[in-house]
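Take the UniProt record's numbering: the last position of the sequence shown gets the number 505, and nothing is skipped along the way.
Careful: at least some of the hints might be erroneous.
Dumping the calculated DSS-like pairs for lysine-lysine here, alpha-carbon to alpha-carbon at most 27 Å [said to hold, decoys possible]:
{"hint": "1", "residue 1": "K114", "residue 2": "K99"}
{"hint": "2", "residue 1": "K192", "residue 2": "K175"}
{"hint": "3", "residue 1": "K99", "residue 2": "K112"}
Hints are computed from structural coordinates only; laboratory data are not their basis.
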Amino acid sequence: MQLSRLLFLVSLLLAPLALLGTTWLYTYPLLHGCAFPLPPANTSNAPAPFRLLALGDPQLEGDSSLPDPNALVFPSLAHFAQHYDLWDLSPRLAKNTVKGIAGDVGVWLEGKRKAVDLWGNDLYLAHIVSVLRWWTRPSHVAVLGDLLGSQWISDGEFEGRGRRYWGVVMRGLQKVPDWFYGVLGADESWSKRVINIAGNHDIGYAGDLDESRIARFEQAFGSVNWDIWFTLPASTTNTTSPPPALRLIILNSMNLDTPALAPALQTETYDFLNHLISTSRPVADKSVSTILLTHIPLHKEAGICVDAPFFDFFNGDEGGGVKEQNMLSDHASKMLLEGIFGLGERADGGSGRRGVIVGGHDHEGCGVLHYLGTKEEEKSLDETVAGDALTSARRYASSLPLPDAPHLREITLRSMMGDFGGYAGFLSAWFDAELGEWQMGFETCGVGVQHWWWGVHVVDLIAVLVGVAGVLGYYGLFLWVDYGCLPHNYSGVKVAVKGKRIMRD
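All chains, full assembly: derive it from the sequences and hints.
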C-alpha cells in the first residue's frame, strides 16, 4: 500500500472522532444544559434582565513556575568545559558529566512541557469564557478572585500575567470603569466588561496585603471596593419612587479580619462598609435586592462545606497578621449579614434584605443557606449555630424546603480550573411585579477536566496533519515524475517507481 493511501485511511478513520469531539467541545453549553434560569412564564421579564456569568479562581500561573531563562540549558557541559583536560585521568568525572547531561536534558524537556501546559491552560480558560458568552449571552461577567496564581510575584511578572489575562483568557473584554448608577439593559457595554474581585493570590491576606499590591491590582483589573445601583427601565415599573433596583457590591474581604499589616487599608474597607450601610434602603423595602460579590466565604462550621474554618498567622517578628484563612471569622461574617443584608436581631426584627452572596476561594464549591435561628434550637448534622449569634447555616439543597425564618443564600463557586472541571455559575435576577420583590435563580455546569480539551485538539491536529501529508504525498509523487526526477515515458507506457507502477497520461 502506498504511503499516501495509508495516510488518507488514517485521516478518514480519525475524521468522525475529530468531528464528534470538536462538536461537543464547542457546543457543550447546549449539551450540558448551561443556561441562565428563566423567570416564570407569567412574568413579563423573559429572559431575566440581570444575567451574571460568574467564574471562580482561574489562578493564572507564569514565569515563576518555569525554569530561569537566564540559566544555562546544559550546566553539565559548562562543568565539562572547565575540567575537560582531566577526563583521561578521571573516569568518574566523565561518567558524572554524561549523567549530568542526561539530567539537564530531562530538566529542559520538563521546562518545555510546562511552557506548553501554561499556554494550553490559558486557551482552556479562554475557551470556557468565549463559548459560554456566545451561547448564554450574559448581561454581566464576574471573576470571583484569584485571577492570578500568586501574590508573591514581581511587578514585571504581575504585568505579564495581566497581559495574558486580558489578551488571551478575557480577549475582547475590558475592566469596569468607575460607575455609580445604571439602568438594566440600557448600557450593552456591560456584557463586554469583566468585574474582577480581589483574591488572596492577587493581593494577599490581611497579614501581607500592602498598598503596592492594591495599587497594581487596581491598575490592571479595577477597584477592589465599589458598588453600583441598577434600576429597571421606566417602562417596566409603576410610577412609585424609588424604582425597583439591584445593588451590586464588590467587596475586598481580604482584610476584614485582624491583625492586618496595613491598618490604613483595613480602615478603607470598613469605611466602605459604613458607606454601604448608610446608603442602603430600609430593610422593609422589598423592591431592592443586593448581590454581594467577594472572595472569602462566610463562616460556617466544619462539615457543611469541604473547607473547614481555619486561620494561620505570621510570627510576631513578621507582623503577626493573618497569613491564611479558609473562611471569614464569625465576627466578620455576622457584620456582613447584619450590616449589608439586615439579617440579625437588631435590623427590622431581623427580617433581612433580599439578596445573595457569591464568592470563591473554596475550589470545590458549596451552597449554604444562612437564616435566623434561636439559641435554644437543636443542632442537626447539616445545621449549626455560630457562637452566640442567632444566625444559623446549613447546606443549601433545592430539594429541601426553605425555612420560614428570614434567610439568605450564599453561593461559593467551584473553580474554573481544569482540575475542578472548568465550572461556571449562572445567576439570574428579575423583578416580580405581583409580589413586589426580586426573584433569583442560579445554575452551574462545567466543561470537564482540561485533558478533554487537550484530547480533542490533539486528535483534530493529527487528523489534519495526516490528511495534509496524504494530499502532499499523492500530488508530490506526480509532480516528481512531471519534472523529470524519475524516468518517464511520454507515449503512455507504465513506469516503475520503487517497485510500484503508475500510469503516465
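| Hint consistency between K114 and K99 [alpha-carbon to alpha-carbon, up to 27 Å] | Cα-Cα ~23 Å, so holds.
| Pair hint K192 and K175, alpha-carbon separation not exceeding 27 Å | 9 Å, holds
| message | K99 and K112 were given as a pair; does the straight-line alpha-carbon distance stay at or below 27 Å? | response | Holds, because 20 Å separates the two Cα atoms, which is no more than 27 Å.
When the structure is compared with the earlier hints, no violation turns up for any of them.
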